[in-house]
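K.L.:
Start from the sequences, fold in the hints, and give me the full structure.
Those protein sequence lines, which keep their order, are chains P and E.
One gets our numbering by counting positions in the first sequence from 1 and adding 4 to each.
One gets our numbering by counting positions in the second sequence from 1 and adding 4 to each.
Hints listed in this document are in silico derivations from the structure and should not be mistaken for laboratory results.
All values derive from a computational prediction rather than experimental measurement.
Be aware that a few hints might be false.
As the list claims (entries may be wrong) - As a list, the in silico EDC-like pairs of lysine to aspartate or glutamate whose alpha-carbon atoms are at most 20 Å apart:
#1 Lys33(E) / Glu130(E)
#2 Lys55(E) / Glu340(P)
#3 Lys55(E) / Glu337(P)
Listed below, chain by chain, are the residues.
2 protein chains.
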Amino acid sequence: MAVGLQGLPTLHPVPGVRLGTAAAGIRKKDRRDLVVIECAPGTLAAATFTKNRFCAAPVTVAREHLKKNPPRALLVNTGIANAGTGNPGLEDALASCEALAKHLHCQPGEILPFSTGVIGERLPRERLLAGLPACVTNLSEDGWAEAAHGIMTTDSLPKGCSRQIRIGSRSITITGIAKGAGMIRPDMATMLAFVATDAAVTPAALQSCISSAVNVSFNRITVDGDTSTNDACVLLATGAAGNAVIDQTQDEAYWIFLDGLTKVFTDLAQAIVRDAEGATKFITIEVTGGRSEPDCLAVAYTIAHSPLVKTAFFASDPNWGRILAAIGRAPIEYLEIDKVAIHLNDLCVVRHGALDSGYNEAKGLAEMRLAEIRIGVELGTGSFATRIWTSDLSHDYVRINAEYRT
Amino acid sequence: MAVGLQGLPTLHPVPGVRLGTAAAGIRKKDRRDLVVIECAPGTLAAATFTKNRFCAAPVTVAREHLKKNPPRALLVNTGIANAGTGNPGLEDALASCEALAKHLHCQPGEILPFSTGVIGERLPRERLLAGLPACVTNLSEDGWAEAAHGIMTTDSLPKGCSRQIRIGSRSITITGIAKGAGMIRPDMATMLAFVATDAAVTPAALQSCISSAVNVSFNRITVDGDTSTNDACVLLATGAAGNAVIDQTQDEAYWIFLDGLTKVFTDLAQAIVRDAEGATKFITIEVTGGRSEPDCLAVAYTIAHSPLVKTAFFASDPNWGRILAAIGRAPIEYLEIDKVAIHLNDLCVVRHGALDSGYNEAKGLAEMRLAEIRIGVELGTGSFATRIWTSDLSHDYVRINAEYRT
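P.N.:
As C-alpha cells, this is what we get:
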C-alpha cells in the first residue's frame, strides 16, 4: 500500500564503508534481521537518538560508546527492540558489541548497537552471536541494498537514497538507508537511519549538519504520534573523497554538503511516511502565517494527529470541518478565526474562517481522491511557516497494529 | 458494541421540566432529530461550552442568550452541527429561537439552541421549523427517554441517568441525558448533556457545582483526542423541590448536592466512552504519584491518545511496552524511570521501571481479555493523582469515521 514508493534506487557505494547481513532467526525464520555496517579507521560519526525517557538498552550503549570513540562498526538487529529489559538488556547489548569486536579485531567500545522490534522481550543473545560470522564474511561496499532489507520490520518496502554532489573538484557520495513504518513522530521514532558519506568533514560541522538536516526531515514526519524507545539516525563520514575538509567556516562547501545531506534525509523520511502502516495517502501539511515556528508546528501536528482528519483522508471525504475543528483546538495562544484559510492542493476551501464561495463538494472530492495531497493552512497572523508529512488512518493501520505480535 | 452499557434506566421526571421530540427530517428520514426541553419560569441554568475557537453558531447564540436571560427552553437538533457556517449559520440559529419562542409565548433570547452532526453544512431551516409544532405538542415531564433518543447521532444506545437524593427533609431529583460517541476529549467534545434538577440552588452555587462536576466527569473522557465545535453541558434547576436554597456557604447540603450531581455526570460521561465509536473495551487510566495534577493528566492522556496502545487493547494484546513508551514521551518535566510502576487491573506488570518478576504473558492476556480494564500508573515522584476514561481503537472506529458522510 506504500504511496508513491518505488523499489530501491541505485545506492552508490561509499568508499570505506562495507555492509554485511545475515538471517539470524532473531524473531522469525529465514529473513535478514542482522546487519553490520563497518567503516574504515578514521571515520567520523555523528548521531541523534530518541528523546523517549524509556530509551532502549542499545541506545544507552551506543550513546556512551559514541561519546568515547569514533566507531568501527554499527550492529543492527530487527525483531526485538531490547527496550524495557533493564540491566539484562544492557548486558545483552554489551555482549553483542564484544562479540562483533572480536570478529573485527577492534574494541567493544568501537561498536554502536541498534535494535528495533518488539519492546520488553530479551534479545536472543546466542542466535544473534551465531549470526555475526555470516555478516562479517559478506561485508561489501555493495551491501547497501541487502542492508536496507535487513533492517526492515513492518516496512513493506526497503528504503534507501543516494546522491552524488560536487564540492570543489571532488565528487562526494551520500548514501543512506532507513526503516520505519509506525510509531513515527518527531524527535525520532521507531526509525533507524544510517547514512554514510566519503566527504571529509570536521566533527563539529558533521554534528551541525546532522542536527540541521534531521530537524527538517525525520523530525517533521508523523504517522501516529508515538515516539519509539529506539530511534536513531547515524551519519558516518569517511573522508575518503579527499575534499578540503568541510568546517563551519567554509561557507560554500558547507552549504552544498548540508543541502545534499538534507535531500537524502528528506527522501528517506518521506519514504517512511509513504510506507506508513496502512497508508493510502501521502499528506503534506504546510502551515504559514503563524506568529512563531512552534505555533505553526502545533497547528500542523494537531491536524496530523487527529484520527478524524486521518480517517476522512482515508475515505477521500472532503470533510474540511474536521480540519477546521483541529485548527480550532490547536494549543496555541493566538488564533484569529476570521483570518484562517485552508487549501487542499491548490483548491481554496476555507477563506476568512468560512467556506470559500468558489468551493463545492465535487471539487473537494477531486482533490481528496489523489494519493498525494497538500493541506495548506494560512493563519494570517505572522510570517512563520513550517511543513510536515503524515499519512491517513486506514483499516490496515488497525489490523497491522492489532496483529503485530500474533 | 457498547461496553457494559445497558438500555436506559428509569429516568425520574423533574417537576417543571417537560420534553418534546420530533422527526423533522433534518438529515435523515424518520428518525427523531429535534428535541425541545422546556422549563418552568424561574428555572436557573448554568452551562459549560466547547473551548474550540471555531465554535458553532448555536454555541455562540446559546452563550449570549444565557448571559442575558434565564432560559425558558432548550432547542436541540441532530444531523447538522451548524458549525463553520459563518453569518448565515448564526441567522439560522437565531431564526430557530424566534420560531420556538412564538410557540412557547416567550422571547427568542429565552431559547438556547444546540446542534450536533456534520460540520460545514447549513441547517435546513424550513424542515427544522416545520418540526417544532410536533415537539411542542408532545411536551411532557415523562419525555426524557424519547429526548435521549432524539439527541443521538452515531450513538448506538441512548444515554441517561437519574438519581434521587435527600437534602434535609426533601427528596431531590437529578435527571440527565447525554449524547456523544466520537470526537470526544476533555474541554468537552461532540457531546451534549442536558441535566435538570428540582433542587433550589443559588446561581453562584449552580455554576460552581456544574464546573466542579464537569471537571471530573465530562472533562476526563477521551475517545480520539478531538474537541468538537459544538460541545455543551447544561444544568437546569427549577427549585420545585422546595428545599432550603443551596448556596456555597451551606456546607452539608452543597456537598450532598454536588456529590449527587457528580455521580450523574460521571455516569453519563462514562456512558459516552462505553459507546465510543467502535469501542470493544472500557479503559480507566489512573495515574498516581505525580508532582502535580496536570502532570498526572499529561501522562494519562498520552497513554489514552496513543494509537498503538489503543490498538493493542483492541487486540487484547498485553503489549505493555507501548504503555511504557507512551509514559516515556509524556510532556512532563520530571520522570524517574526507576520509580514507574504499571498495573493492569490488580496485576503488576512493571515495577521500578522494568518488567515485574511475577508477571508473565498468560497473566497479562487474562487481564487484557476483560472488557473493562484499569491501567494503573504510579510515577513515584509526588502525591497527586488523576483518573480518566477512554476506549480502544478498532476496525469499526475507522469504518464509522471513514463512512460518516457516505
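K.L.:
Starting from the hint list further up, note which numbers the structure goes against and sort them upward.
P.N.:
none
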